[in-house]
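There are 4 protein chains.
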Amino acid sequence: METFSDGVFAIAATLLVLEIGVEGKNDVGAQLTHIWPSYLAYATSFLTIGIIWMNHHHTVSLLARVDRTMLFVNHLLLLTIAFLPFPTKLVADYLNAPGERPAAIAYASTLVLMAAIHQVWWQYARRGRRLVADHVDDAALRGVDLAYAPGVPMYGAVLLIAFYSPLASVLLTFAIAAFYLPSAALFERGGEPA
Amino acid sequence: METFSDGVFAIAATLLVLEIGVEGKNDVGAQLTHIWPSYLAYATSFLTIGIIWMNHHHTVSLLARVDRTMLFVNHLLLLTIAFLPFPTKLVADYLNAPGERPAAIAYASTLVLMAAIHQVWWQYARRGRRLVADHVDDAALRGVDLAYAPGVPMYGAVLLIAFYSPLASVLLTFAIAAFYLPSAALFERGGEPA
Amino acid sequence: METFSDGVFAIAATLLVLEIGVEGKNDVGAQLTHIWPSYLAYATSFLTIGIIWMNHHHTVSLLARVDRTMLFVNHLLLLTIAFLPFPTKLVADYLNAPGERPAAIAYASTLVLMAAIHQVWWQYARRGRRLVADHVDDAALRGVDLAYAPGVPMYGAVLLIAFYSPLASVLLTFAIAAFYLPSAALFERGGEPA
Amino acid sequence: METFSDGVFAIAATLLVLEIGVEGKNDVGAQLTHIWPSYLAYATSFLTIGIIWMNHHHTVSLLARVDRTMLFVNHLLLLTIAFLPFPTKLVADYLNAPGERPAAIAYASTLVLMAAIHQVWWQYARRGRRLVADHVDDAALRGVDLAYAPGVPMYGAVLLIAFYSPLASVLLTFAIAAFYLPSAALFERGGEPA
Chain V
1 METFSDGVFA
11 IAATLLVLEI
21 GVEGKNDVGA
31 QLTHIWPSYL
41 AYATSFLTIG
51 IIWMNHHHTV
61 SLLARVDRTM
71 LFVNHLLLLT
81 IAFLPFPTKL
91 VADYLNAPGE
101 RPAAIAYAST
111 LVLMAAIHQV
121 WWQYARRGRR
131 LVADHVDDAA
141 LRGVDLAYAP
151 GVPMYGAVLL
161 IAFYSPLASV
171 LLTFAIAAFY
181 LPSAALFERG
191 GEPA
Chain E
1001 METFSDGVFA
1011 IAATLLVLEI
1021 GVEGKNDVGA
1031 QLTHIWPSYL
1041 AYATSFLTIG
1051 IIWMNHHHTV
1061 SLLARVDRTM
1071 LFVNHLLLLT
1081 IAFLPFPTKL
1091 VADYLNAPGE
1101 RPAAIAYAST
1111 LVLMAAIHQV
1121 WWQYARRGRR
1131 LVADHVDDAA
1141 LRGVDLAYAP
1151 GVPMYGAVLL
1161 IAFYSPLASV
1171 LLTFAIAAFY
1181 LPSAALFERG
1191 GEPA
Chain Z
2001 METFSDGVFA
2011 IAATLLVLEI
2021 GVEGKNDVGA
2031 QLTHIWPSYL
2041 AYATSFLTIG
2051 IIWMNHHHTV
2061 SLLARVDRTM
2071 LFVNHLLLLT
2081 IAFLPFPTKL
2091 VADYLNAPGE
2101 RPAAIAYAST
2111 LVLMAAIHQV
2121 WWQYARRGRR
2131 LVADHVDDAA
2141 LRGVDLAYAP
2151 GVPMYGAVLL
2161 IAFYSPLASV
2171 LLTFAIAAFY
2181 LPSAALFERG
2191 GEPA
Chain L
3001 METFSDGVFA
3011 IAATLLVLEI
3021 GVEGKNDVGA
3031 QLTHIWPSYL
3041 AYATSFLTIG
3051 IIWMNHHHTV
3061 SLLARVDRTM
3071 LFVNHLLLLT
3081 IAFLPFPTKL
3091 VADYLNAPGE
3101 RPAAIAYAST
3111 LVLMAAIHQV
3121 WWQYARRGRR
3131 LVADHVDDAA
3141 LRGVDLAYAP
3151 GVPMYGAVLL
3161 IAFYSPLASV
3171 LLTFAIAAFY
3181 LPSAALFERG
3191 GEPA
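Residue numbers (this note's numbering), protein chains in the order written: chain V, 1 to 194; chain E, 1001 to 1194; chain Z, 2001 to 2194; chain L, 3001 to 3194.
Within a straight-line C-alpha distance of at most 27 Å, the following computed DSS-like cross-link-like pairs (lysine-lysine) qualify:
1. Z:Lys2025 <-> L:Lys3025
2. E:Lys1025 <-> Z:Lys2025
3. V:Lys25 <-> L:Lys3025
A few chain V residues facing chain L, derived, Cβ under 8 Å:
4. Phe9
5. Tyr42
6. Leu47
Everything labelled a hint here was simulated from the structure, so no lab data went into it.
Ideal placement from N, C-alpha and C gives every residue a C-beta, glycine not left out.
Work the whole structure out from these sequences, hints included.
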């Protein structure tokens, strides 16, 4: 499960760059500035995939085994992650232009779905310690609970904001990724034996 | 064989997203609804690759060794899997539009070919326990037989249906993937020692 | 070296599918037949990458260590393999149409270059058993010599033929891949202890 | 960290080929010569990723552990590497044509950023031997210092030159990659116990 998942994470993150492009021969320099939404969308999705990958990786290290249901839910999670380059491209193409609202809504909806499936994925493994390794103590499980809990409400808020201000919604997604990634050190302290 | 195969599975699945696109600047929201065949094709192929990967992975774990013929057949199998993004794109672009029949036929034909090569792949390894590990009992082999048997007839039926109703044929492919993936738990019980 | 190389092999093979496409809404069925050069180019390059990967993989298993020069030559080899999707696309787009000659020449030239670098790669490792593991006997090395020797002359012939008949040159490349891959069993018998 | 990073390196390098293309049906042979900036850009970026990958790989082998901050900085480094196909495409499309200056500046800026993050990445791990394995002696650390030191000034010079001569700036980047890669043998002697 780990190799395949790592592959999908890495490929989805690297495919994001294909959304960035400049067209025609007119004033390349001005275009490179003009397409700032492409850079924002790229960095936001790349960092977001980074967070999910780290959480995924850390959580898998707490598991002793994997069953078919877990593989199925994991595959659904990968389906949403591999889908991310599409709404990222929408944001890149339409942010700050007509069509930015549906683009930002599609982007946020994908993130809500991803966070929800990731939560189901973790709860399935954790409930009654179904797949958890024996040596993992309850504090480690609560550490992961705390790390997964904000996902759905946070991206739910991003989705609500997308209806009013697409730009604010994307910036908030970027901020979540940029601040959550390093501060996840907290999670590490709670989740791993010193 | 495993690393290379895992790579091709993961990359083919992740490349599927490149078929999804929105064109022009007109009413992005309406377009996002209008391209539902793209989502259906994406999910169908992603889940189908998931099933084949799981079966492939499970089966390889029963083998003790691999010879050049097996590598060759495995490479043919990977050739059809890596090809899947193309007929997936056909379905995405033409379903519910003129050209949907050849698109659905091409999609189903690829799946029939894939299932047939996967069957040959398994039979080659299994015949006379040619490549099977000693500790694997006959029940495990019969479990895999049962899992592989429906492939060709099932996708054969999908192909027949594609001539009459392209949409029904794609929906059936989706249903096969969506229901087979979790229910493959049965296969697990038959196929692995408790 | 192995992980990175395996990745490039798998990704280059899987990216090949992106060259296949159908344009416009006119008679999809007829177009699917009309683009047979795309299928031929796809299968030829996919099988060719398969052969190179198998030889590469087998040879690496005979090595005890890797130095920076080897890594450098290996990187040049990967550069030509990762380049292959481009001439493959040329063949797919121009075979059986104006422009087929330069397309086939570009394709064959890439294969000659690839075979030449692969030969240098092997000779560097083999000369004076520089990187070869101690337990590997000389027969195994001669087995690899025999497997690598035909590369450059064979693709050199393909290149010559491309000037006269682009189609024949691509078909010969396909035949080399299709027949060499299974018959490489010979190589296996010479190259690995029974 | 290693698997995910290796994946991103390999995928980014292999995606570079997608920037190379020929358009229309006119005189394919002449076009294949005319697009030499595409080949130059491809080779330059492929070799550059090769160097960074080798240095990254070697350095990781000196570390005993990885913390969340290191993972975060590593993810930023991967973000710039996965971004490289975009400025590579700019150079391929605009070198030797109007728009070559901003293209070369964007390319060089990406490389400066990449080198700077790679330096931060290494300094974070090295400072007070924070993440370094116990068995690694100080000479090995100084060897890595020497290998990382020229990165920012070298690509800074490339950036300055891009303002005056885009072509010279790309050729210098190519030369850095082509000569640095094999000569990195020096680094190996300093950096690894014999």
